[in-house]
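Participant: Line by line, the protein sequences give chains A and B. For the first sequence, numbering that gives the first Met the number 0 gives the first residue as 0, with consecutive numbering after it. For the second sequence, numbering that gives the first Met the number 0 gives the first residue as 0, with consecutive numbering after it.
Some hints here could point you the wrong way.
[Said to hold, decoys possible] Within a straight-line C-alpha distance of at most 25 angstroms, the following computed DSS-like cross-link-like pairs (lysine-lysine) qualify: (1) K41/A with K6/A; (2) K254/A with K70/B; (3) K410/A with K36/A; (4) K328/A with K274/A; (5) K41/A with K410/A; (6) K98/B with K70/B; (7) K138/A with K125/A; (8) K125/A with K98/B; (9) K254/A with K328/A; (10) K1/A with K41/A; (11) K138/A with K70/B; (12) K138/A with K123/B.
Keep in mind that the hints were calculated from the coordinates and are not lab data.
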Amino acid sequence: MKLERLKQLQPCLWTLPGVPAERRAEVLLYGTAELLKTMDDKVLEQIANVARLPGLVGAAMTMPDAHWGYGFPIGGVAAFDAEQDGVISAGGVGFDISCGIRCLRSNMRVQEAAPRFAVLADALYKAIPAGVGEEGHIKMNHPQLDQVLRGGAQWAVRQGYGSAADLEYVEEQGCVSGAAPENVSELAKSRQRGEMGTLGSGNHYLEVQVVDRIFDAVSADAFGLFEGQLIISIHCGSRGLGHQIGTDYLVMLAKAASRLGINLPDRELACAPIKSPEGQRYIGAMNAAINCALANRQILAHLTRETFNSVYPGIQLETLFDVSHNTCKKETHEIRNERRQLYVHRKGATRALGPGHPMIPERYRAAGQPVIVGGSMGTGSYILAGSAGNPAFASASHGAGRAMSRRQALKQWDGRALIHDLAQQGILIRTRSLRGVAEEAPAAYKDVDQVAEATEVAGLARRVAFLRPQVCIKG
Amino acid sequence: MRFSYFEHDADVGVIGRGDTVEQAFQAAAQAVFAIMTNLDSVQPRDEMLIEFEEADPEFALVIWINLLLGKARESGMVFNDFHLQRNGQQWRARIKGEKWHDGLERGVEVKGATFTMLAVRQEKGIWIAQCVVDV
Chain A
0 MKLERLKQLQ PCLWTLPGVP AERRAEVLLY GTAELLKTMD DKVLEQIANV ARLPGLVGAA
60 MTMPDAHWGY GFPIGGVAAF DAEQDGVISA GGVGFDISCG IRCLRSNMRV QEAAPRFAVL
120 ADALYKAIPA GVGEEGHIKM NHPQLDQVLR GGAQWAVRQG YGSAADLEYV EEQGCVSGAA
180 PENVSELAKS RQRGEMGTLG SGNHYLEVQV VDRIFDAVSA DAFGLFEGQL IISIHCGSRG
240 LGHQIGTDYL VMLAKAASRL GINLPDRELA CAPIKSPEGQ RYIGAMNAAI NCALANRQIL
300 AHLTRETFNS VYPGIQLETL FDVSHNTCKK ETHEIRNERR QLYVHRKGAT RALGPGHPMI
360 PERYRAAGQP VIVGGSMGTG SYILAGSAGN PAFASASHGA GRAMSRRQAL KQWDGRALIH
420 DLAQQGILIR TRSLRGVAEE APAAYKDVDQ VAEATEVAGL ARRVAFLRPQ VCIKG
Chain B
0 MRFSYFEHDA DVGVIGRGDT VEQAFQAAAQ AVFAIMTNLD SVQPRDEMLI EFEEADPEFA
60 LVIWINLLLG KARESGMVFN DFHLQRNGQQ WRARIKGEKW HDGLERGVEV KGATFTMLAV
120 RQEKGIWIAQ CVVDV
């Protein structure tokens, strides 16, 4: 991205100076100059297009890990007011609805676990269905799926996957309201029949990590983290059902926008007024997909616990937190001393509620909501805590963000050689897709340290702990 | 080769070419499934018929790819052979492939076709059908 077009407001905050004729809202980009330089110009183009959508409240924003997406950039945040003809956009949520990370903390130190990491890696690879073409062990008919879509992780717990204690540490206690399974197509449900409890492909993973560094001892203590501790992160979403809802509604909302006179600067922003029948239909389907994702991660957490217990009998794995980063949620925010109900789109962005927020589990409330920033399989990940006074509708980064296209990565790296190199560094990879490993090469991503630091400097979330990868099951 | 790719940060751009719009769509479909596996290894054992209705060729490309992805996942199959016919806004296709098995190379799952860089156009007599697919 060419920084000449931007004006720097703060060390990690930039804006796109406005042109009156464009009639758009403010555009704000969070990140250092170095991070912004690595971003494609399309990021700026896409977020400027978002700023033209009706009913936008405040600025259209990008997080420090932003990269070129479809419709919204990945790392895009935008809030809309239904009372001001605000819109809901399928392109502002993405196809992998409610993709997110479930983080589990163990009571085991890496020194105890390391001698059996190879056994653990093989056992996880066997137990966790991952990669293109892989089906799960659970087969569901449509009525059963409807229960999943209404009940989310709460449904999964009722079926014996995990315990009620998990739910306290899952956003919305594991189940969003307003899900409408009847708004989900038969094809979407058919796609999901064999996909509950599967990891997926691409950038999805199950990673065993070690707490390598604590930045904030008080918050780490609240989150139950200590140096040398084993942590498990599960990154996946709503699988085929969410993908199909995304594709079903993309064309429908694009046509609705045209019919309703919404002048879209990019068709990919396919949207409809929140209050319109089309908008309400999508919201109902999207909420169903969010519940599907929450149930899926709950099942995967259960499978992970079973596997760990087979390798390390008696090990305790508690849910640290489960947070989604591809959603639109109805939330209350204070705008100029006025409390307003807004629909906050976070596409590749994590909700980051600040200290004291009533939706944060009591144990973490003084620290702020755990924010999980998943990095690459070779570098590491961060756990942060939502900052007080977060200026981005309580949003923060979600990952390292790509610095290189998949095609470029494929030309530059060989999957088998990469697995060997990582093994030399003590990181065990298990995968069915060598191509996938090459595309996900650590150097294809931005520097996660820079992303986490910029997230903190920008006042979005504070660094609590850095996690170093040990074992990675790649989708 | 009738299909190729173009750059996109997080996802993949697919391009299909052909003498007719239908051939370009078929090639675009091959580009999509070639992300998931080596198409030369896929045996066209099973056949499926699909149809849809769309007047706008660009919307039709997105619907076509997404319908193929949906049917593939629904049936647990990977497709490598596509025969598409258009009659006005009616599109009918006969597609072939087989169920996933251990002998097939695993690439990367494609979630869906997007409107990004979406175009269906004719250049020097050749039809081009392209878009970014989410992986």
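Participant: Hint by hint, say whether it matches the structure.
Facilitator: Structure-based check of all given hints:
The hinted pair formed by K41/A and K6/A meets the criterion: a straight-line CA distance of about 17 angstroms does not exceed 25 angstroms. Distance restraint check for K254/A and K70/B: the Cα-Cα separation of roughly 23 angstroms lies within the 25 angstroms cut-off, and the hinted pair is therefore satisfied. Note on K410/A and K36/A: the hinted pairing holds, with a Cα-Cα distance of about 23 angstroms set against a maximum of 25 angstroms. Proposed proximity of K328/A and K274/A is supported: the alpha carbons are some 15 angstroms apart, at most 25 angstroms.
Between K41/A and K410/A, the direct Cα distance comes to roughly 22 angstroms. Compliance with the 25 angstroms bound is thereby established for this hinted pair. Taking the CA atoms of K98/B and K70/B, the gap is about 12 angstroms. The hint holds against a cut of 25 angstroms. The straight-line distance between the Cα atoms of K138/A and K125/A is roughly 18 angstroms, inside the 25 angstroms bound, and the hint therefore holds. Only pairs whose Cα atoms come within 25 angstroms are accepted, and K125/A paired with K98/B is accepted, the gap being roughly 20 angstroms.
Between the alpha carbons of K254/A and K328/A the distance comes to roughly 23 angstroms, so the proposed pair stays at or under 25 angstroms and holds. A C-alpha spacing of about 11 angstroms is found between K1/A and K41/A, which places the hinted pair at or below 25 angstroms, so the restraint holds. For the given pair, K138/A sits about 17 angstroms from K70/B by alpha-carbon distance, which is consistent with the 25 angstroms threshold. Of the pairs offered as hints, the one joining K138/A and K123/B is violated, with about 50 angstroms between alpha carbons and a cut-off of 25 angstroms exceeded.
When each numbered hint is compared with the structure, a violation occurs for hint 12 only.
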